[in-house]
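If you read the sequences in order, they're chains Z and A. Numbered per the numbering used here, the first sequence spans residues 20 to 842. Numbered per the numbering used here, the second sequence spans residues 7 to 73.
Certain hints may be false.
List time: in silico EDC-like cross-link candidates among lysine to aspartate or glutamate, alpha-carbon distance up to 16 Å [unchecked claim]:
| id | chain 1 | residue 1 | chain 2 | residue 2 |
| --- | --- | --- | --- | --- |
| 1 | Z | Lys501 | A | Asp35 |
| 2 | Z | Lys185 | A | Asp58 |
| 3 | Z | Lys501 | A | Asp39 |
| 4 | Z | Lys193 | A | Glu59 |
| 5 | Z | Lys195 | A | Asp35 |
| 6 | A | Lys56 | Z | Glu232 |
| 7 | Z | Lys182 | A | Asp35 |
| 8 | Z | Lys217 | Z | Glu197 |
| 9 | Z | Lys185 | A | Glu59 |
| 10 | Z | Lys193 | A | Asp39 |
| 11 | Z | Lys182 | A | Asp39 |
Read the hints as simulated data drawn from the structure, not as lab findings.
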Amino acid sequence: MIRIKTIHIEEFRGVRELDLDLDTMNFGICGPNGTGKSGVVDAIEFCLTGDVTRLSGQGSAGLSVRTHAPHVDQHDHPEKANVTITADIPSLGKAVKIHRSVKDPRKVKITPADSDVKGVVEDLQMHPEFALSRREIVKYIITPPGKRSEDVQNLLRLEHLEKLRKSLTTFNNKRKSETDEAERNRRQAETDLRNALKVDKLDRALVLEKVNEKRETLGLQALMELTKDTSFKAGVAASKGAEVKPALRKAVALADLSALQSSIKGGEPAVLVKNRQAAKSVLEKLRADEQALTLMRRHGFIKTGLELITEDACPLCDKPWRAVELRDHLRRKLLSAEEIEQLLEKLRANINAVLQSLSERIHAVERAIQYGQSLKPPVQQVLLAAYLKQLKNAEIALNDFLKDHSRVEPAAQAVAGSWWSPTTEQQARIDECHTAVKALPDTSAEDEARDILSVAQDRYEKLLRETKTAREQKARSAIAQKVLDHYNNSCTAVLEGIYDQVANDFSRYYRVINREDEEKFAGKLTSAPAKLSFDVDFYGRGLFPPGAYHSEGHQDGMGLCLYLALMKHTLSDKFTFAVLDDVLMSVDTGHRREVCRLLKSEFPNTQFILTTHDRVWLQYMKTEGLIVRSQSFGGWTIEAGPRVWDDHDIWTEIQGALDNDDVAKAAWLLRRYLEYTATILADNLRSRVEFRGDGNYDLGDLLPHVLKEWRKRLEDGEKSAAYWKRNDEKEAIAAKRVKAKELIAKTNAEQWAINPSVHFNEWANLQRQEFQEVVGAFKELLENLRCENKGCKSYLYVLPRRGEAEEMRCNCGTTNINVKAGT
Amino acid sequence: MTEEDDLVGLSPTVLHVIEQFVIAMRADDGIQDDAIDRLEKLMRKGAVAKPDEINAALFDPPPDSEI
Chain Z
20 MIRIKTIHIE EFRGVRELDL DLDTMNFGIC GPNGTGKSGV VDAIEFCLTG DVTRLSGQGS
80 AGLSVRTHAP HVDQHDHPEK ANVTITADIP SLGKAVKIHR SVKDPRKVKI TPADSDVKGV
140 VEDLQMHPEF ALSRREIVKY IITPPGKRSE DVQNLLRLEH LEKLRKSLTT FNNKRKSETD
200 EAERNRRQAE TDLRNALKVD KLDRALVLEK VNEKRETLGL QALMELTKDT SFKAGVAASK
260 GAEVKPALRK AVALADLSAL QSSIKGGEPA VLVKNRQAAK SVLEKLRADE QALTLMRRHG
320 FIKTGLELIT EDACPLCDKP WRAVELRDHL RRKLLSAEEI EQLLEKLRAN INAVLQSLSE
380 RIHAVERAIQ YGQSLKPPVQ QVLLAAYLKQ LKNAEIALND FLKDHSRVEP AAQAVAGSWW
440 SPTTEQQARI DECHTAVKAL PDTSAEDEAR DILSVAQDRY EKLLRETKTA REQKARSAIA
500 QKVLDHYNNS CTAVLEGIYD QVANDFSRYY RVINREDEEK FAGKLTSAPA KLSFDVDFYG
560 RGLFPPGAYH SEGHQDGMGL CLYLALMKHT LSDKFTFAVL DDVLMSVDTG HRREVCRLLK
620 SEFPNTQFIL TTHDRVWLQY MKTEGLIVRS QSFGGWTIEA GPRVWDDHDI WTEIQGALDN
680 DDVAKAAWLL RRYLEYTATI LADNLRSRVE FRGDGNYDLG DLLPHVLKEW RKRLEDGEKS
740 AAYWKRNDEK EAIAAKRVKA KELIAKTNAE QWAINPSVHF NEWANLQRQE FQEVVGAFKE
800 LLENLRCENK GCKSYLYVLP RRGEAEEMRC NCGTTNINVK AGT
Chain A
7 MTEEDDLVGL SPTVLHVIEQ FVIAMRADDG IQDDAIDRLE KLMRKGAVAK PDEINAALFD
67 PPPDSEI
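Given these sequences and hints, build the entire structure.
Pasting the structure below:
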């Protein structure tokens with residue numbers, strides 16, 4: 020990962036031309052909505068990945084980077100829209116310059132073009148999760164477990180595991196399907212043998228009995244056992260013309276036709292009715308429910324689409340896409356139909372049962388047609404052919420649906436009505452066949468026995484083959500299922516270990532942000548194949564999905580914490596860069612400081628680029644030392660882009676106003692800045708301020724009380740150090756307190772509460788030199804309230820946040836004053 | 007493709023899952039060792055194994071299969 024030094028943007032989104040100097044440090048971008056903040060984020064994303072999520076992600080139909088990324092006035096000149104980023108790559112100890120033009124978003128110019136440098140940029144391109152917007156942050160929180168699993172695994176670079184799982188699942192499903200088909204063929208062979216021998220069930224003893232009856236007719240020895248090598252025809256002398264296999268053997272044909280007639284007359288079996296009705300009900304529901312049908316169609320279509328992606332373009336419309344991104348895009352849609360997948364599993368079982376019966380009937384009708392054609396004169400086959408076509412169409416429709424779930428309509432029709440009973444005319448043709456076969460000259464008992472044994476032998480051998488195939492397919496299917504189960508279990512076990520670590524980090528981060536009220540908070544990530552459930556504690560009342568009870572602000576906080584925990588686990592010390600685009604807009608004031616501290620203390624080696632429309636938020640970030648540099652956008656015009664307001668240092672800005680002899684502006688700036696700082700200090704020091712229901716406190720309401728509290732806290736610290744006989748500490752605190760008293764006197768701020776007329780409202784009327792002294796006094800005073808460590812400089816704060824105060828400390832720990840009474 | 011090339015792109019976590027997966031399969035008497043060997047080799051390749059390749063590894067090894 021990288022750390023950005025500079026960004027140069029030209030004619031990109033709402034920006035005409037902009038240079039930002041980040042110097043590899045955390046950076047804040049602030050401005051009201053519509054001033055170009057997100058344009059900067061888009062530019063960073065574009066330069067590093069060639070893509071802009073807002074133009075290519077969900078809800079961006081009709082938008083494209085090439086057409087809509089250039090500034091609107093350069094709509095037809097994408098070559099003028101360019102972004103250049105210079106950055107350091109800490110892991111390589113190298114610097115890099117990355118340049119990309121909207122003219123060719125997929126082409127990036129990397130300088131130097133070293134393979135290791137290119138590797139880092141390619142990694143950013145493949146996984147653009149370094150940029151997190153508020154729109155995306157909730158995706159880890161309020162999202163179905165299946166979707167979360169994929170999102171989180173993508174972020175953890177574990178998508179390979181998910182792809183492997185899908186591959187194994189497809190393999191397993193295919194084996195199941197082939198096993199079903201083999202079993203159908205076996206049953207068909209069983210029915211055929213049963214018909215030939217005219218038995219109701221295939222029982223070894225019964226088969227031997229029937230075979231031996233025929234053998235006895237031929238004067239042959241009875242068979243004693245039925246094995247795979249048993250020959251029903253053993254010892255049968257070849258009859259005249261036996262080398263030619265007759266198309267019709269009267270006895271067998273009569274048996275087959277009688278079986279077909281009985282089957283039709285017996286009516287549709289109850290099991291078939293049940294399965295057909297169940298399939299019908301679901302398919303008709305899908306047909307009637309437009310949304311479900313769309314999902315179903317989409318499910319099949321997307322599955323087909325996924326198989327067709329072989330290059331960097333949509334296989335349907337040739338729109339340029341990166342193959343990897345297009346697959347991800349389609350998979351996201353596919354997962355939204357997760358419930359449909361479950362429905363399909365049930366439907367598959369019902370349809371398979373229907374297919375079994377259809378297959379048997381098709382086979383029987385084909386035989387009837389074959390027998391009819393063998394007769395002289397042949398029986399008219401047109402009607403039976405129509406019935407056969409009807410049956411085959413139903414079979415094709417159901418098989419097609421199993422292969423492609425978008426083909427609902429023909430499948431629904433196939434199970435809508437019963438195909439069990441042919442029409443009266445068709446039935447008449449079958450009867451006609453039967454009658455004609457029956458009318459054939461009787462063969463001798465010996466010839467009949469020979470015919471039956473011959474056909475039974477063929478059918479027995481076929482049954483043996485089909486049984487063997489079905490057994491093999493079943494065994495393979497069992498292995499496929501075991502392989503899938505082992506994979507899922509191994510994956511779940513390994514991922515659970517990872518998720519436990521992530522959940523621990525997540526919970527710790529969240530507790531840091533919310534230690535006031537959720538000290539015992541814990542989150543739990545539970546992995547199952549293709550699912551990742553996420554539950555969080557709600558004030559000790561149990562674990563619930565984050566969206567169940569927590570407020571939107573808390574959910575935002577959770578999203579950030581989970582994102583950070585995932586990034587930490589994924590990238591470890593390579594997590595050197597992240598863009599947080601307005602991700603904490605709903606975090607309340609009390610928690611903002613904690614967010615700043617979290618980012619600063621837990622991710623000291625990560626460069627954060629944070630955007631916000633809230634100026635006070637930006638100041639919090641600065642005050643807490645999270646950011647040093649920032650850029651404010653004061654407005655935006657279509658012609659000029661963002662109006663940049665450089666506020667790197669408020670004191671420089673105030674001095675600038677004074678240098679221009681603009682005391683009024685300098686006074687306004689100082690007052691606004693002190694108002695904001697006093698709010699933070701009042702909170703930090705737990706000052707006793709007169710409560711106002713509207714929450715509006717001006718500087719006079721806050722600062723005198725803050726300074727009074729500051730002196731008291733220092734006094735407490737001094738007393739405590741004396742009690743514990745820490746003389747050096749006592750002297751240091753005493754010196755700080757004396758200095759504080761002196762500085763407070765210089766600002767005259769404590770007098771404001773006593774004499775409101777001597778007030779900051781008068782500042783604007785001061786002479787430049789007089790106000791210069793006021794500015795200097797406040798600057799020095801505020802320094803007195805900060806940690807002296809130059810790397811920290813945070814304002815001191817009291818802990819705990821409620822109850823008896825125990826310590827006053829800074830962020831880095833250099834300053835830690837015991838303020839608890841020593842008795 | 008060399009063995010080193012095969013391993014390019016697989017994260018330690020993915021390799022760990024494959025390792026555990028192979029251990030679980032070896033503990034299962036119902037799966038042949040040579041089939042496991044072929045499947046493991048397939049999975050350690052950088053690309054995701056396709057369903058047909060998995061099928062071939064488990065049930066229909068090519069006649070000139072090394073294993």
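| query | So which of those numbered hints doesn't the model satisfy? | reply | Per hint list: 5, 6, 7, 8, 10, 11 violated.
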